[in-house]
Amino acid sequence: MNAVLKLVAGFLDWLDSLQAAVIPPADGARWPLHLVIAVMCFLASISLGITLTVSNVAGEWSGDLAGVITVQVKPREGMLMDDQMRDALEIIRATPGIAGASRVPASSAAELLEPWLGGVALPEDIAVPQLIDVRLDPASDPDLEALTQRLQNAVPGVEVDDHFRWKARLGAFAGSLEALAIAALGLIIAATIAIVVFATRAAMEANREIIEVLHLVGARDKFIAGEFQSQFLWVGFRAGAIGAAAAAVVLIMLTIIAGGNGEFFLPGLGVTWITYPSLLLVPLLAALVSLGTARLTAVSVLGRTL
Amino acid sequence: MVRFENVGMRYGMGPEVLRDVSFELRSGSISFLTGPSGAGKSSLLRLMYLAHRPSRGHLTMFGEDVNVLPRAEMPPLRRRIGVVFQEFRLLDHMSALENVCLPLMITGTPAENYLSDVRELLSWVGLGDRMNATPPTLSGGEKQRVAIARAVVAQPDLLLADEPTGNVDPEMGIKLLRLFMELNRLGTTIMIATHDMALVERASDAAHLHIEHGHLSVKRAPSGATASQSAGDLA
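Respectively, the protein sequence lines represent chains V and W. Residue numbers for the first sequence follow the working numbering, beginning at 5 and rising by one. Residue numbers for the second sequence follow the working numbering, beginning at 10 and rising by one.
No lab work stands behind these hints, which were simulated from the structure alone. Where hints are given, some of them may not hold.
[Claimed, not checked] One-sided and incomplete, this derived list gives chain V residues near chain W with beta-carbon spacing under 10 Å:
id	residue
1	Ile27
2	Glu64
3	Pro160
4	Val164
5	Asp166
6	Met208
7	Ala210
8	Ile214
9	Leu218
10	His219
11	Arg224
12	Phe227
13	Val305
14	Leu310
Cβ coordinates follow ideal geometry from the N, Cα and C atoms, glycine included.
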């Protein structure tokens, strides 16, 4: 453990040696500031992970439902189910823009009903609606309204489901989650900016004497602000890396806890692989936010001096 | 080079610490500023090294009216001024060498262009073996010499020194006075605020200004010039 701590301390010292040193780093405020920004970056990483996961899952589900419609044929008195299905399939296959249509096997229909009825085989005399899986030609745009009308005229009791309602609900759900995650990300960035503003002002106050000497020997605001921005650039980068690494560990653990396929609660709702490389952006973003904020704050504070 | 016209100065809403100060420092002149503690010497120097603007009157530095000069245009003027502060104002986390390099470092000049000159200057002021020491480990006299080296390293047009010999032995005091004289001979305008009357008497060619209760008077005009008390024109 000591060796690891020494290694980390050595790495931080090496990073420090890369930065400008006219303004000394504030040792007292160093670790608390790293901790607060690291926590912010951890939360940002989790928000980013949620956004990417939800976006990916919503895309997958929408993709699965796009290009497919389901035709449900309900049993009617005085009519044979096989005749109804044959007529419906003929009409569907004759419609332009349909890539293919196939009857969903009875075994698949039974699987769909299993959660409600259990694994018990249905008696022969119970009429169960039959399903037709219709694949649309992605190159053309079939007139589904006209198809529905023709089917309903020829086969009473038919229902066409283009999954629009589900897609709309899914889109709304995914959009809400994404908006929530983005709002959280925005709040975290705003909080980080506020922290860096506060820390920059504190650092400038602590180094007021040095700043005055620099001014009096002819340093421009740009030079002095550059000293602070380089300090906060590294603070942001280091804290961002720590926060993102912690978030990656948490996401990996969640994936392991969720089971072998790494899905939480719903099919496909798991951490996608793109999440992990995306976390690399967090330290860069933290560094940029810290740099920009420190520079603007320093220039603003210096602007009030002679 | 420096022109004061009826300059008054106060800190915030406090009383005036300088009143109707008028004088002119011509390029290449050397002057001493004396006066009791609290008389206004440091305030006068603060105006001259552009740490403060006059509360009233006109101050012209290098042909620029300081009263209306935008702050963005201050740094080029400040780079023409070297200052030896009474309390040294060295940066404690930097070595003596880095402190002296500071006025050159902030201009973006590459270190290899000036490092050997800075080392030579530090050796000249007797700190050749203390270059890597930080100010907290230096004696008062050593700090004084680092502060002087920092003030002269960029070869300023105007050198302002506040009690530059206050913390050094008489021998080093004379050596530093010679350095100031040499810089003056090379064209640097110099003003030295001091309590050391022996130093003032030693430089008999220099002008002598005296300040008391915020009022400036001329004790001695530079040799070859006529003092004009009413106009305050010294050179």
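To see whether the hints hold, each was checked on the structure:
Evaluation of the Ile27 of chain V hint against chain W yields a held restraint, the C-beta minimum of about 9 Å falling below 10 Å. At its closest, the beta carbon of Glu64 of chain V sits 54 Å from a beta carbon of chain W; the interface hint therefore is violated under the 10 Å criterion. Taking 10 Å as the C-beta contact cut-off toward chain W, the hint placing Pro160 of chain V at the interface is violated, the least distance being around 85 Å. With 10 Å as the threshold, the beta carbon of Val164 of chain V stays out of range of chain W, its nearest partner Cβ sitting at about 72 Å, so the hint is violated.
The closest approach between the C-beta of Asp166 of chain V and any C-beta of chain W is roughly 66 Å, which is over the 10 Å cut-off, so the hint fails. A hinted interface residue such as Met208 of chain V counts as satisfied when its beta carbon comes closer than 10 Å to some beta carbon of chain W; here the least separation is about 15 Å, so the hint is violated. For Ala210 of chain V, the interface hint is violated, since its Cβ never comes within 10 Å of a Cβ in chain W; the closest pair sits about 12 Å apart. A cut of 10 Å between beta carbons decides the hint on Ile214 of chain V: the least distance to chain W is about 6 Å, and the hint holds.
At about 7 Å, the closest approach between the beta carbon of Leu218 of chain V and any beta carbon in chain W falls short of 10 Å, and the interface hint on this residue holds. Taking 10 Å as the C-beta contact cut-off toward chain W, the hint placing His219 of chain V at the interface holds, the least distance being around 7 Å. A distance limit of 10 Å between C-beta atoms decides the matter here; for Arg224 of chain V the minimum to chain W is near 5 Å, and the interface restraint holds. Hint status for Phe227 of chain V: holds, given a least beta-carbon distance of 5 Å to chain W, under 10 Å.
Look at Val305 of chain V: its Cβ only gets to about 13 Å from chain W, farther than 10 Å, so that hint breaks. With 10 Å as the threshold, the beta carbon of Leu310 of chain V comes within range of chain W, its nearest partner Cβ sitting at about 6 Å, so the hint holds.
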